[in-house]
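In order, the protein sequences belong to chains A and B.
Counting along the first sequence from 1, when you hit position 145 you're at 145 in my numbering, and nothing is skipped either side.
Counting along the second sequence from 1, when you hit position 187 you're at 187 in my numbering, and nothing is skipped either side.
Worth flagging that the hints you see were computed from the coordinates, not collected in a lab.
Check the hints yourself; a few may be wrong.
Per the computed footprint, the stretches of chain B lying under chain A, defined by three or more beta-carbons under 8 Å from a beta-carbon of chain A, are [unchecked claim]:
| id | region |
| --- | --- |
| 1 | 29-42 |
| 2 | 74-88 |
| 3 | 151-161 |
| 4 | 167-174 |
| 5 | 248-262 |
| 6 | 475-483 |
Now the stretches of chain A that chain B is said to cover, found in silico as 3 or more residues with beta-carbon under 8 Å [said to hold, decoys possible]:
| id | region |
| --- | --- |
| 7 | 68-75 |
| 8 | 82-96 |
| 9 | 151-161 |
| 10 | 165-178 |
Sample of chain A residues at the chain B side, in silico, Cβ under 10 Å [as the list claims (entries may be wrong)]:
| id | residue |
| --- | --- |
| 11 | Met78 |
| 12 | Ala118 |
| 13 | Arg122 |
Remember, predicted model here, so these are calculated numbers, not experimental data.
We put the beta carbon where it would ideally sit given N, CA and C, even for glycine.
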Amino acid sequence: MPLAALPPLAAALFSVLAIASLLLSFVMLGSRWLKQYLYAFAAESWMIAGISAAVAFFDHVPELYLIAGLTVAFRGLMLPWLIWRMIGRLTIDREFHEIVQPASGLVIGALFVVFALAVSYRIAGALSVKPGVAVLALTVMLAMMLIGFLLLAVRREAISQILGLLVLENGIFLGSQILVPGMPLLFELVVLFDLLVLIACFGVLVAYLQTHAGTTSARDLKRLVG
Amino acid sequence: MPGALLLAVTASPLAAAILCLAARQPRLSEGLNLAAAIVSFTAALPLPFLIGAPPALFCDGYVILDRAAAWVTLCSAIVYLLASIYAVGYMRLLDEDNRLFGFYALFAGFGCTILVAPVMNHIALYWIAIELTTLVSTFLVAFERAAESIEAAWKYIIVVSAGISLALLGTLLLYWSGSFVLGPSYTMTWAAMSGAAARLNPLLVMLSFLLALVGYGSKVGLAPMHTWLPDAHSEGPAPVSAMLSGALLNTAMIGIVRFLGIARAAGLGRAPGLALVGFGALSLFIAGLFIVRQQGVKRLMAYSSVEHMGVMALGFGFGGPLGIAGALYHMLNHSLNKSLMFFGAGNMMRAYGTKDIAAITGVLRYFPVQGVLWLAGAVAITGAPPFGLFLSEFTIMRAGLQPSFAWAVYLMAALLIVIFIGFLNHFRHMYYSRSDGSTGAPARRLSAWCAVPMWLALAPVLVLGVWWPGAIWNYLAAIAPSLSAGMP
Numbered sequence: 001m002p003l004a005a006l007p008p009l010a011a012a013l014f015s016v017l018a019i020a021s022l023l024l025s026f027v028m029l030g031s032r033w034l035k036q037y038l039y040a041f042a043a044e045s046w047m048i049a050g051i052s053a054a055v056a057f058f059d060h061v062p063e064l065y066l067i068a069g070l071t072v073a074f075r076g077l078m079l080p081w082l083i084w085r086m087i088g089r090l091t092i093d094r095e096f097h098e099i100v101q102p103a104s105g106l107v108i109g110a111l112f113v114v115f116a117l118a119v120s121y122r123i124a125g126a127l128s129v130k131p132g133v134a135v136l137a138l139t140v141m142l143a144m145m146l147i148g149f150l151l152l153a154v155r156r157e158a159i160s161q162i163l164g165l166l167v168l169e170n171g172i173f174l175g176s177q178i179l180v181p182g183m184p185l186l187f188e189l190v191v192l193f194d195l196l197v198l199i200a201c202f203g204v205l206v207a208y209l210q211t212h213a214g215t216t217s218a219r220d221l222k223r224l225v226g
Numbered sequence: 001m002p003g004a005l006l007l008a009v010t011a012s013p014l015a016a017a018i019l020c021l022a023a024r025q026p027r028l029s030e031g032l033n034l035a036a037a038i039v040s041f042t043a044a045l046p047l048p049f050l051i052g053a054p055p056a057l058f059c060d061g062y063v064i065l066d067r068a069a070a071w072v073t074l075c076s077a078i079v080y081l082l083a084s085i086y087a088v089g090y091m092r093l094l095d096e097d098n099r100l101f102g103f104y105a106l107f108a109g110f111g112c113t114i115l116v117a118p119v120m121n122h123i124a125l126y127w128i129a130i131e132l133t134t135l136v137s138t139f140l141v142a143f144e145r146a147a148e149s150i151e152a153a154w155k156y157i158i159v160v161s162a163g164i165s166l167a168l169l170g171t172l173l174l175y176w177s178g179s180f181v182l183g184p185s186y187t188m189t190w191a192a193m194s195g196a197a198a199r200l201n202p203l204l205v206m207l208s209f210l211l212a213l214v215g216y217g218s219k220v221g222l223a224p225m226h227t228w229l230p231d232a233h234s235e236g237p238a239p240v241s242a243m244l245s246g247a248l249l250n251t252a253m254i255g256i257v258r259f260l261g262i263a264r265a266a267g268l269g270r271a272p273g274l275a276l277v278g279f280g281a282l283s284l285f286i287a288g289l290f291i292v293r294q295q296g297v298k299r300l301m302a303y304s305s306v307e308h309m310g311v312m313a314l315g316f317g318f319g320g321p322l323g324i325a326g327a328l329y330h331m332l333n334h335s336l337n338k339s340l341m342f343f344g345a346g347n348m349m350r351a352y353g354t355k356d357i358a359a360i361t362g363v364l365r366y367f368p369v370q371g372v373l374w375l376a377g378a379v380a381i382t383g384a385p386p387f388g389l390f391l392s393e394f395t396i397m398r399a400g401l402q403p404s405f406a407w408a409v410y411l412m413a414a415l416l417i418v419i420f421i422g423f424l425n426h427f428r429h430m431y432y433s434r435s436d437g438s439t440g441a442p443a444r445r446l447s448a449w450c451a452v453p454m455w456l457a458l459a460p461v462l463v464l465g466v467w468w469p470g471a472i473w474n475y476l477a478a479i480a481p482s483l484s485a486g487m488p
């Protein structure tokens, strides 16, 4: 396993970037302005691209440089730009009706991180992997997924829900870069492309929502019940 | 030979989708989609007969055609054909001729993704194929552009995308667990993972199985992840509902079943099967509650899909030749029968101009032939003899009669009776209660395009009910060992 024999500098770099990504998802959790979510998401994607590049350098997996470049292009620039345009076309620029206040959201997020850490230690113990970068990557991945689900559950604006989904995906992508750098390249390329299609679909749907349902808030989507 | 047929099965809808977009003609697109469906069906029909015990691999091993994949592909191709015939009649009722080419392009594209997914050999590519089915079908659900349709489409894409990201996490963890055994870089095929399963870390395999179960389970519509299903199935046009229910759900189910095969091969004992049985029983329970109190005719059919996916989950969870053959047989029967039910529901919805069960009365008086067909379908879908679903549900129950799963069989029997009564009570109202005057006669007549696929669906359900051919039994029972290796 390459993870076992990482030089201390690499381990430190991975850790800093992973923790920075996690902190950026807390920024999303703690804000109610759509644009701030978006910037935090873009920055998070840049961090993940940094992780890809660092793995490429220290593990000598040159394909990952390509992934890093594409991550910056797709997740760091293109997706944020598409969503930025969507926000521009909407009349709404912030959340009004959170179920959970941002402050309480931060506390719940912190609990999720503790939970993710406990789960990761358990997994690492079962695999007899030494606590280190692997545990950190698992923790950050699981925590980001839980935070993504939290964003999906407590935020009501269409844009926030899209960004919640993207945080989920970012978490998985971050984990995959560190845990399984040998994963076939094809897969990661298609996932990136897939995301682009996903966002295009969301763009069309948000436009429909606004013209046909008259709202982009999931709070008002309650015609279908039972 | 199987390779050429498989290419015909999957490429013809894709070609039809592209040609529909190029032609932009409503009638021509209709014909193109129908032709593609006929080609897909005729090419898929011989596939199960051509596949022996060793699976056929194509495209450097990225595509696998084993017995399970051939079976699911056949089920999907049947539904695609029936829905395409039905769509010709149904979509003309909507008066949307200028957007019709887009509908058929998406419809053929949806057919293509459904047919491609079960033959994906790479676990990650299978995930991508399932994600693509969501993206294409979202726009089919939203096609009518009513506020309700858009709401259903939004819930569909959000719930399913979020759910399926868990399946991606499961796939990732499975790859990680494999990297301790197979080296940091390897090709993650179903067979490779089953083969290595005994040497993988059981905890990690169990974790990834559970994540995949919840992830793909949200696509299958297992309760409690089923919340998108009644909305999407009731708000899309009826041919789309039939495709979603009869074809898409099976395509996602096969992923769960293959993960289950890996988990069982890893020597996890009864736990993985028990998890699937738990979700299946809960689905039956939830579906039973909502069927009894349902008010919308298509939502009734949608909850019936939740019920039948629960029954299949029980069958696969019980395992063994009986359980797996029963569940796969149930898959075919349910595909045929649920298409019939959605066609009938779509017809009545259009004829009476309402989705409310309460407003539909005197079906038999106004539609003597179609009414009988739909009623026969309703009796069949609730699992009454002499139809195919009775045989398959009975087989699944027999599979469960072992000490550890007996509780699930009793629960299943009780819930099936509740659903039988609840479901047919709605039909009693639609067929036999007197109109109170507020609802008049149906406004429209329906063309033969809307009735023919109902005949085509009912006839095989009846035949499969009175005669389970020995060849099909042997074929399905032969799938079982690959999915239940290492069962206690």
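(request) Any hints from earlier that this structure breaks? Give me their numbers in increasing order, please. (result) 1, 2, 5, 6, 7, 8, 11, 12
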